[in-house]
Amino acid sequence: MKKNLNNKILLIVVVLAVCVYGIFGVPSGFTGKALMEAMTKRIHLGLDLRGGAHLILQVKVEEAVNAETDNTVALIKQELNTANVNYSQVYKPDPAKATLIKVEGVPADKASDARLMLESKYTNEYDVAGGDQTGSFTLTMKPLLVTALEKKTVSQAIEAIRDRVDALGISEPQIQEYGLGDYQVLVDLPGVENESQIESIIQGTNRLEIHAVVGGPYKDEQEAVASQGGSIPADVELKKFSGMMEGGSMAESVYVLQRASIVAGNDFRSADPGINSNTGQREVEFTLTNEAGDRFYDYTSKNVGRNMAVVMNDRVREVAVIKGAIRDRGEIEGAFTPEEVQALSKLLRTGALPASLQQLEKRFVGASLGTDSIRQGITAAIVGILVVMAFMLIYYRGSGINADLALILNLVILLGFMGAFGATLTLPGIAGVILTIGMGVDSNVLIFERIREEVRAGKVPASAVDQGFAHAWVTIVDTHVTTIVSAAILFIFGSGPVKGFATTLTVGLIANLFTAVFVSRVIFDAHLNKMKPGELVSI
Amino acid sequence: MDWLRLKWYFLAFSMIFSVAGLISMGAHMRSIGSPVPLGVDFKGGTQVQMQFDQTPDTNRIRQAMSAAGIRDASIQNIEKTVDQPNGNEVLISLPEQQDESSLDAGRQQIMDALQKHYDSTIGPSNVRNVQVVGPTVGKQLEKQALLATLYSMAGMLIYLWFRFQLIYGVAAVVACFHDTLITVGAFALLNKEISLTVIAAILTLVGYSMNDTIVVFDRIRENLRLSRRESLPDVVNRSINQTLSRTVLTSGLTFLTVLSLFIFGGQVLNGFSFALVVGILIGTYSSIAIAAPMLVAWQEWRTRRGKVTVLPAAKRPRG
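Line order of the protein sequences matches chains A and B.
1 is the number of the first residue of the first sequence in this note's numbering; add one for each residue after it.
1001 is the number of the first residue of the second sequence in this note's numbering; add one for each residue after it.
Next comes chain B alone, as it looks inside the complex (with noise of 0.2 Å):
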């Protein structure tokens, strides 16, 4: 199967999701100033997380936020899980303090205000979960969160020029990036938030993407030192077809158990496992779509630049 022929699809098929996703995070810029919903850990701020007795109202929750003064206080039905299917739970969220004093204040207050205004039997064991995050420590986290990516893309760039060739280390980041992208503009479009956990998700798909897109690589390299008589783009289509199965199997597997995650495995780890979800999906397709293509296109840049070389055989791999 010539997959290079279908390339002008796979571009289309990802220029259509990137520019979507694009295009929600600017709308998000432009509506809560980040383009993505962030979690407590990066905007700062109290989340409170409360299970009532019965169905909560929210309506009359931010009455009773606002009867006690709280402004700003956000109001959010928990959805019901697979196994919480009478969940009952709401989280309270103020936004972030700018003095970092009255940080306890806010969840002091948000007890106050339902105790009194809403119903008088609340009390501390109606608290499932209670985030409160100074804007000290929500920047700290962001720059964390920031370098760690960058370091691992470096990483395996660094990785792979030295494993294979600089333009095989180039064209994987690059995929690396789609793949990225894709899944943080999925995030944007369904308007689900970024905390810590979704970070962690996201560089370990950046791994994932790195697993497939070397496998492909691999093979290329192999089927380059054994048949210095093709072309490069044969050379890339029948690789691509004989780890095909492979890709298929690895990528199947991994899939079902990461959904087995995001259906069961509750909502603490949602965002974290729809991540991952998107991002297998992506990180295999981007393998064969983006990173294979642009080897071969490389070749064919410089070739009509008149350095004719076939892409030559990648450095002996040890062991």
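Only chain A is shown next, with the shape it has when bound in the complex (with noise of 0.2 Å):
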């Protein structure tokens, strides 16, 4: 009886060992400094405790899509052309449906060499149909690869979001794929200092395109609609500028550009602000790509003298005159200031995005409110402690004790498996604490009331103490698990700080599982093996 008794107070000691362990790791000295730097590593502070910021961003995959399908409509053209093929028109007729082109208005007599032209090219992405006497083939990208590309745009943009968060100097940055499959990236930036360094990262967030100019600027949209003889072609869309006019005005006027972009995204390599060797300006110089920079001269060499338009976010940026054939190694001239010159190079070396990323949601937490709430946080929880502590001593007399160094194993257990899983502890999850104490003592109450009316009904002192505990122990375990289930439940529903509150109950009432039945028990148990004959519980 002994034996096995010291066994437990052995286990107990080793768990007590193992969860110092986890919530100190080895710290450098045992000063009150070091103690909490230890800490500190182990447990990490969640964002409403350590300030910082929180986004959820969306990735516009369609971007990606349209940008695919705009590029391959430009190819078939060309294809067609070399092949000496009439045709009215390649476009995509509708713009909800972006992987679907058509290709109308081939005479019969070329059909079957256009079909077999458009399947020897491009049946790998597009499943190709169509020809005879109708003379137009339609081609549907196939459904497999639109969700490869989607995929690869998300993963795309998660490197260059980690680039940027990197270039910033945040430490431990959360990124990474969020949701259901929605294609959202959470963002999580602990310790950013104040809210304006997150704008960096969400401005640069914008897709980068040029386009080549077919008319403009026009006035307003009804000017720009007219100048294309009343309707909208398929291949040319509008966007909208506002910039500096001749004569220093702001105005916002409209372009109409080519829908296919001559070069976008990530076909920008870098982009540094420079000056103008001729001109004494300051001009954005910028490198494309090998493979950009072939489509580039093709294109420049053949429109000298024509606009192209830098667009980004579904606006025009700069409208630029081409002066000469340009591979991948190029200038953006025009009357910068300082900062517009740097803004533009960044904004060309950040919008190396494959698609665009859209704000859904966006929580900053400044360092002094998370400061605030760790000090409010810390306070309700020792006066919780103590008040419970006391109460506990007072009604119970000497049990109280055993109840009160269960709670606070309870305490060290709990602390101890956060930091040995690396935990988060936000400011609900030190709600969670506070929960775990007063529920968990409950435990101890039910085997106390247990033992007290054991002892009213004349039992002796160790057969009172093993009724107690047995008879409590169902109802134990009913409560804890029901409360456990609808923690779980919070967990898997709930967002970061309600899984720290989730994640705190649990683990504080299964630690409670040891430490009221257990760990009561053998205190008990040390107490009874000492008592005289005929001593009473002190409950």
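No incorrect hints appear here.
Here are the simulated lysine to any residue pairs, SDA-like style, with alpha carbons at most 25 Å apart:
| no. | chain 1 | residue 1 | chain 2 | residue 2 |
| --- | --- | --- | --- | --- |
| 1 | A | LYS60 | B | THR1136 |
| 2 | A | LYS459 | B | ARG1238 |
| 3 | B | LYS1143 | A | ASP182 |
| 4 | B | LYS1139 | A | SER495 |
| 5 | B | LYS1143 | A | SER495 |
| 6 | A | LYS240 | B | ILE1070 |
| 7 | B | LYS1192 | A | ASP372 |
| 8 | B | LYS1143 | B | VAL1173 |
| 9 | A | LYS121 | A | LYS152 |
| 10 | B | LYS1139 | A | GLY181 |
| 11 | B | LYS1139 | A | TYR178 |
| 12 | B | LYS1143 | A | GLY181 |
| 13 | A | LYS41 | A | ASP372 |
| 14 | A | LYS151 | B | THR1136 |
| 15 | B | LYS1143 | A | GLY496 |
| 16 | A | LYS60 | B | LYS1143 |
| 17 | B | LYS1192 | A | GLY496 |
| 18 | B | LYS1139 | A | ASP182 |
| 19 | B | LYS1192 | B | ALA1027 |
| 20 | A | LYS60 | B | GLN1144 |
| 21 | A | LYS97 | A | ASP182 |
| 22 | B | LYS1139 | A | GLU177 |
| 23 | B | LYS1143 | A | ILE492 |
| 24 | A | LYS77 | A | SER231 |
| 25 | B | LYS1192 | A | SER495 |
| 26 | A | LYS240 | A | ALA226 |
| 27 | B | LYS1192 | A | ARG375 |
| 28 | A | LYS459 | B | GLN1242 |
| 29 | B | LYS1139 | A | ALA488 |
| 30 | B | LYS1139 | A | TYR183 |
| 31 | B | LYS1139 | A | ILE175 |
Per the computed footprint, the stretches of chain A lying under chain B, defined by three or more beta-carbons under 8 Å from a beta-carbon of chain B, are:
| no. | segment |
| --- | --- |
| 32 | 365 to 378 |
| 33 | 388 to 398 |
| 34 | 475 to 487 |
It should be emphasised that the hints constitute simulated quantities derived from the structure, not laboratory data.
Values in this document were obtained by computation on a predicted structure and should not be read as measured data.
Don't be surprised by glycine CBs; every beta carbon is placed ideally from N, CA and C.
Put the two chains together into one complex, using the hints given.
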């Protein structure tokens, strides 16, 4: 009996040691400061305690799909021209369906040639249909390919965001896919000092493109449409531009642009501010990737003197004249101020996104609120613990010490778990700890009340303790399971801070099963062993 | 003490608070379109918490907003708390933007408006907290909260059906519903906002109320097994009396810890701790006043319909 008891005590001490290690690791010293340092390395503070930003961004994957098919449209036109096949138009008939391309107006004698050519070049990516008398073909992007492209877009976007976040020097950022297949990205940036720092990440999250200018500037949309003969053909689009006009006034105008971009997104390799050696004006010097460089050369050599527009976030940012053929190294000139040149270079560099990102949700907790929250949470916790401990001592006398020891051990195990698994402590998490105290002590109350009943009924101490634990056990399990079930549901459905609450509550209650039943029992047994016959339990 | 005799008083008490809550919710529904004031999490929109060096003048802030062309901005002073006696904090909210692409514009507009028309020294360091929620996410969170609540109740029902009998489960779930209704009603009556953390608190108090009810049910089950000759009402009464000391103690202690949280826990957790404070009181009350009498009423109803069965002892518990 005694040996059994000693084993049990050993088990408790081991658990205690493991948990203390979980909390502190191996601290560099034993001063208060060193211990705090060691602890904060193990137990991570959530955003609401540390301060920082939380973003949910939607990756507009449609843009990537659209860009891909726009590209294909341009290529098809080239191919048909090279093969000397006439056509009336190649376009995307339905703006809502980015994956459908239609070729129309192919004369009947060339129909089979065209079909052969389309199939040989595009059958991997598209399902080709049509031909014969109608002279029109449809190409539909294969669904598997669409999904693959969308997924690739999201991972590229995550990469780009990661690059920018690293450039800001934020420690322990969290960037990952979020939600169930909706192409959303979660970005958690702890320790961001003030909110404007986030802007540099968010602002640059726009896809950058260069389009050929078909016509403009027009005063407004009606004029632009009129210039195209009353309706907008499928291969052009209207975009607004607000900027300095001649004479130095700000005005809005509308440009008609080619829908397919010449170069876009990650075609840009770098962009830096520079000074034009001839004019002495500020300009942006950029480089493109090799493959994009070829395309750009192709276009610019054929279109000297025409305008091209730099489009970002659905608006025209700059309109520049093509002065000569540009391969992969070029300049964007304009009357830039130093800030504008910096900003534009940065936009070009960081605009290397495969698709735009849209903010769905943003939360930012300032560091001052974070420290306040920590202080308030800990105050509330300490007050709660002290009140409960004092009460147990007063009401249950000697056994109260038992309950208090179990309570302290409960908290140590809870914190140890969190440290060992690198769990994140949030403000609701601290509330969960406080709740664990209140609900955990319930187990002790159940047991002690039962023991009191048995003592009143005349049982000897050993038997009373025995009966008390036996009867209370069933109820303790029931109550803990129901609370853990609702905490589990909270964990599944909850967001970050709420998850923290569910975690501390669950772990606290499981730990409570151990401390309130096993540890309390051991303490009782140890005390009973030492008691003289006839002595009563202090309860 | 014969608790069951008091059941009509209990019912009246519950009805009064439930109806008061429902009326208040109805009034809110008509004025703001939702039964309870909703936090940014569900409503969507922009909410900026600013701290000023001196006491802020909400009227001037409101003027600053309209001068900058911001409509529908709502300005709210944040109450001073025990340890933040010189708050000087203000909550500025903009309603939901229909179009997500202008999501961040709201916050920037607020900052600009304050800088231009209120105090040019306002800068990022005055910003304590920002929450911007687009309509998509708002609806997602709403759905999640609702699902979580329903699953929670269903889970409890199944667990109790498994450990006891169906009627026990039903009685407990009805008690939980009652608790949730009165707690949400309290929010409506006192015009407090419901945010995600408040939903977490409500789910917790569902768990807690279940706890409490189970303790009484366990005792009833045990007593029924021990004495087959007593009538159900007598057994129920005795069980309640026996568990009373435990109930008062635990609820009291949990209530004290939650009260500590409410007083010292700060403004961020205010809604959360309020829900728990109300919830724990009502949760304890409902186990005695709603769940237990329901068991007796059920049996009486069955006896009157001719199925004479004393509520049999529930399944033998394992372990």
